[in-house]
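With chain A held as given, fit chain B onto it using these hints.
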Amino acid sequence: DVKVTQSSRYLVKRTGEKVFLECVQDMDHENMFWYRQDPGLGLRLIYFSYDVKMKEKGDIPEGYSVSREKKERFSLILESASTNQTSMYLCATAKPSGYEQYFGPGTRLTVT
Amino acid sequence: QKEVEQNSGPLSVPEGAIASLNCTYSDRGSQSFFWYRQYSGKSPELIMFIYSNGDKEDGRFTAQLNKASQYVSLLIRDSQPSDSATYLCAVNTGGGNKLTFGTGTQLKVEL
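Line by line, the protein sequences give chains A and B.
Quick note on my numbering: the first sequence kicks off at 1 and runs consecutively.
Quick note on my numbering: the second sequence kicks off at 1001 and runs consecutively.
Among the hints, erroneous ones may be present.
[Stated by the list, open to error] Under 10 Å between C-beta atoms, here's a sample of chain A residues computed to sit facing chain B: (1) GLY40; (2) LEU41; (3) MET54.
[Said to hold, decoys possible] Rough simulated footprint, nothing fancy, chain B against chain A, three-plus residues with beta-carbon under 8 Å: (4) 82-96; (5) 100-107.
Derived from the structure by calculation, the hints contain no laboratory data.
All residues carry an ideal CB built from backbone N, CA and C; glycine is no exception.
Next comes chain A alone, as it looks inside the complex (with noise of 0.2 Å):
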């Protein structure tokens, strides 16, 4: 079974803070996704990467960025929080040969 497990499940920050999220997978995909869920919005592909040191834009980078050192690890950061940022973020992670993503149990991020 693929493990995806996410640092927090739940946080709590205040405006103009750098928060880290986390990713760490161990099925060895080499592609790992992040994505904010908000009611009435769905889920927005924020960044992807498909490969170490790698990292490609999805549709809503804007105010993110995104760290792969090691192929395990996915990380998202949010480098001065702000309250449109408060939502879910989830990750995800597939393999190369297959469309299927595979998600990690969620953060719910509240900035103050």
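Leaving out everything else, chain B in the frame of chain A:
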């Protein structure tokens, strides 16, 4: 027009009935289609995928794909209260391994 569209629901069906969930997509080049189930407060869980036109069955679930009409559906037979969840349709778009998700249909199975 949204790339992947679903009726938000809620769709209410009695226990034991067939639930039919529908999804349309706009990218004619899409090749892979997925259904995820998401319980409230939880992350999406993959339940079905389909690549070819026609039906694909897995237990009580059947995925149906019609590329000419650009729709994919999910049938849940003998619906159970435990099937109550939001069902997300996902389609690969733009090449590579990216998926575009619909906003989901909320299903309620009533006793």
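Results of checking the hints against the structure:
Look at GLY40 of chain A: its Cβ gets to within about 7 Å of chain B, closer than 10 Å, so that hint holds up. Among the interface hints, the one on LEU41 of chain A holds; its C-beta lies about 7 Å from the nearest C-beta in chain B, closer than the 10 Å criterion. With its C-beta approaching chain B no nearer than about 12 Å, MET54 of chain A sits outside the 10 Å limit, and its interface hint is violated. Only residues whose beta carbon comes within less than 8 Å of a beta carbon in chain B count, and the region 82-96 of chain A has 3; three or more means the coverage holds.
Chain B is given as covering the region 100-107 of chain A, and this holds because 7 residues of the stretch bring a CB closer than 8 Å to a CB of that chain, at least three being needed.
When each numbered hint is compared with the structure, a violation occurs for hint 3 only.
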